[in-house]
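Chains as they are written, first to last, in the numbering used here: chain A, 194 to 888; chain B, 82 to 629.
These aren't lab readings, by the way, just hints derived from the structure by calculation.
Taking lysine-lysine and the PhoX-like style, the derived pairs with C-alpha atoms no more than 25 Å apart in a straight line are: (1) A:Lys498 to A:Lys726; (2) A:Lys758 to A:Lys498; (3) A:Lys498 to A:Lys513; (4) A:Lys604 to B:Lys301; (5) A:Lys818 to A:Lys884; (6) A:Lys604 to B:Lys309; (7) A:Lys726 to A:Lys423; (8) A:Lys607 to B:Lys301; (9) A:Lys566 to A:Lys607.
Computed from a predicted structure; not experimentally measured.
Listed below are the residues making up each chain.
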Amino acid sequence: MSNPMIRVGVDIGGTFTDVALAHPGGLATCKVLTNYTQPEQAILDGIGIAAEKAAIALGEIGQVIHGTTLVTNALIERRGAKLAFITTEGFRDVIEMRSENRFEQYDLNLNLPNPLVPREDRFTLAERMGPNGEVLLALDAVEVAAMVQRVLDGGYDAVAIGLMHAYANDAHERQMAEALRAAAPDLSISLSSVISPQMRELPRFNTVIANAYVQPQVADYLGRLVARLKDAGASAPVFMLHSGGGLISVDVAAEQPVRLLESGPAGGAIFAADFARGHGLDSVLSFDMGGTTAKICLIEEGAPKTANTFEVARTYRFKKGSGMTVSTPVVEMVEIGAGGGSIASIDTLGRIQVGPRSAASEPGPACYGRGGKEPTVTDANLLLGRLDPDNFAGGAIPLSVEATETAITEKLAKSLDMSPSDAAFGVTEMVDENMANAARVHTVENGRDIEHFTMIGFGGGAPLHACRLCEKLGIKELIIPPGAGVGSAIGFLKAPFSYEATRGLFQRLDAFDAASVNAALVELEAEANAFVKAGVSDAETTTRLTAFMRYAGQGWEIPVVLPYKTFTDSDHSAILTAFEAAYRTLFGRVIEGLGIEITNWSLVVASVLPDTPPVARHDSGPPAKPLRTRQFYDAALRRSVEAQEIDRARMTAGASVDGPAIIVENETTTIVTSAYRCTGQGDGSLRLIRKGDQQ
Amino acid sequence: MTPTAIDYQIMWNRLIAVVEEQATTLIRTAFSTSVREAGDLSAGLFDRQGRMMAQAVTGTPGHVNAMAESVTHFVREIGPQNIFEGDVFITNDPWMGTGHLHDITVVSPSFRDGQHIGFFACTAHVVDIGGRGFGPDAGEVYEEGLLIPIMKFAERGTVARDLIRLVRANVREPDQVVGDMYSLAACNEAGDRRLQAMMGEFGIADLDGLSDFIIETSRKATHAAIAKVPDGTFRHTMQVDGYDDPALMAVRLDIEGDTLRADFDGTSGMSRFGVNCPEVYTRAYACYGLKCAIAPQVPNNSGSLEPFVITAPEGCILAAKRPAPVSVRHVLGHLVPDVVLGALHQALPNTVPAEGASALWNIQISARPGDQGSGLPNREVLMFNSGGTGARPAFDGLSATAFPSGVSTMSVEATEHVGPVTVWRKDLREGSGGAGALRGGLGQIIEIEPREGYDFYFNAMFDRVDNPARGRDGGGEGAAGRVELADGTRLRSKGRQLVKNGQRLRLSLPGGGGYGAPEGRDPALVAADLRAGLITPEQAKQDYGYEE
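Whenever a hint applies, use it, and build me the whole structure from the sequences.
This is the structure we're talking about:
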């Protein structure tokens, strides 16, 4: 008999599949290796282990919540359907011409990523909509019939249809789709007016193509997953975490898999948001550092910041512009190539550079002793005493200090003419700089002042680096939650059911037409509500409305949150006020006398989450009992310091230690620098506060 | 605390983030379309001698490298004794800034504990500067708009109101232009806040030691890279369309040990129209081209730029004298890298690309109601478009991609919301890439029609119509550009022209040149190009000897 209190979150990552099972007795977690050919097998294995730990039967599970990077990987590795793209005549090459620029200014040998659909599989129709949805050139039935034949002859598995201005009038896209469906009922068909009905042809075409490309494969996988779970006795409903940080049913996910692109990382942001709410923190920077990349996300008033476009599958050193821009709702994250496995090298100017190349898990850092010869961030941390060679991953992986010293000496210290420890210091400082700079730029771009934020750090690498980052950024409070190694999977359990519906509807504010806006909003609300109700029929829901607005002549819109209601033409001044407030927050001023435009609308319907119980917060308390003392290199002081080493289990609520300190657990190591003090919290978190800033 | 080598490396890294933040602030607050969409700006930090220490990597090398020289002009004109805390300096002098009146450069001195430590500078292309508007048709710079000599925009924190009034009275979009002047000043302030925080963190009182470290390290690395280029004197010429008469660009490259000189002696004289380049702009693009081929990894600063010694005789079209018109100096400027790389190719075979379309095909459209009594508003539409780049020794050229400029195009759907035009076509121009073992990048075809009730004027400033991009080492020419109506009526490639309602303007952008003899192309690649429709069956047969 299934129990709604028993819920399991499953995150399939590139290396591990993480499982977090919440049950009345607590939380059982486990990590198993990701199975590339049969991802669902790893899920079954992981759930089985977690259920055994929790002493429950699979039949008792009430809900399975799943997120995965498999969709992103399918795009990166170009493993998708044989796909045809149908577009407007004259626009066959939009996805190939991209933005017509180069993302790396000085590289004469630069190559741009190939489009997902080769030119010979891109077909055009003589038809054209105008910017306000007016028909400039009607679509002829003979033309449609000829296209159907072309697609059938080509033997395609899937078709993406993206026509100009289809967000304003979808009639031609539907006409084409219906003809295809009539001729080939089993063909997978994706429409841009359904998948991403927003102005700007390049991201809209990219999005519908990405969707069609992965759709057959994802639908097949999800079907297998549900069937296998059922066979194993777990007949609980399965929900998917979408990129925007909410849950949708498997059926919706199978239709719109492009919404799953960032679902794994979004789970991490939700995990951090839950702690932000528990600790009553309104302004939080989440910092998730793993083996290859670090991800940064702003969490304000308990919710991760979202955006409606992002770039997927970057091909060149995580460089902006080297991937594929898609427009689908997403938790906004900055990702940089900085992790424990990031390789350090010397550039032609004799400067230390770190990443984005990574030693990954094979061969791994030099200290793993698996043949890695290149010095990595983990090696530098080892040499600086921040990691204990005998107690890494609970002693499961013995680290070789000798191999590390050799790698750092040979590849760095010799040519820099400095000691290995100075070189190691250079490596960690450089990677910390890179992460701090990315975090600072991200807050500046959002018109925020980073010094007023609290950092929440998780993932295997963050606890080692977060305190130093806070020093660099002037952040005075840092939280290291428990369970940081499987944060995304735990985060899945904290996500609401939600769906974001979007629509391109261009208007000048001085000619605000309430009737057409209201008509669009009714449709958006119905669409979003239907998807949410498909997951949870009786939940209380909230509705959030955002207009994307700009001054006439500008090319970037800013999101403006508006009350969800039926508008009248006289609401023009209230919308103006909201726009100016949002503009002032971002840019510090408004501009008098310029026209204002609205380009896109977005409406989110979400189920209301139960309140996160407030955490009993402690500023200080009795000293925690150390295991021993050992030395680590304190970057701000530029010297080694004698630090207390403490078992994390001893950092119970109120237990305190002044930095320098090292807090050890199987999954990770938390460094408390000399400038901070660490106190255990009621929810098992560590809370680090800059000395002198204690309340 | 005395900074160590590691500290200097970390601070250098930080400074690059500081100037990126400075540039980001400008991009996000600017009104100018070309700043926002095309990254037509630059931002950087200078030491108190006016040497550039760090610069944001943005869209246009013309700004990037030209601004590097500008701060020394400000120091000289203002006078070191007249530099005060809270000052902001400004100019749009083409010969002191970045080559035409539309670019405004703003320089803000930075102080720490009352001591002058350096400058932040930035440049942006504004939407209007008065005069005839953006186009090549002026006979003298005076017709091209308002010239603001080097002066103070603010002194000790007080803005020069009279300057603002003067600007407002002389430009078509006063709110946007004055708004951009404030944006420029604000982005310098944003940079300064980060710089001050960094100096506090590292406990340094001035920038002198750091500046020496950055500039000397970069200079050494650049000279070392030049030293690897074989010595010799290498000459090259290239003819381009110009405005009314073709212009010859001639360059002589002297490489000796770790020094490099480029001189443009032999280049044609000035045009009567605004395609002339001030020398600073020529130098910027020549340096950019050479740096890409010789020392691409060295960050941009005075130390990495100065080893490239570039001159042009005053009075030639690449070193225009006052009061020559210079408004569309970018057209010839963008072609400069092709000629210097052609010379460098003799020293460094298998390194540089073939010639490309190179000059952007930007089009400014002024839509006007056919019936003045109709009440329909006038609208302005600006589009950035790129042809094909030259093939590289190991790769095909890039199709419809900007080089050497780094601008982006805009969405057609967004453009059609801005003004009453329909863009019927914007796709690759089949068969336009120069034949070769490595094929040149393809150009594109754009067709634009005025919407119901409108005609439009456009300012043509297009090159490579009479002089297509040449191939290298046996590679073929890219297709020449073409400006016409859809019915085949040819139009001029420079100057203002009318497209009436019911007519369609068709622009066929040039392709890039090929690299190596076409017979050397892998037949599988020829077959793939044919399948994708990038080349025609006739080309496959004639150029490559390929038959299915």
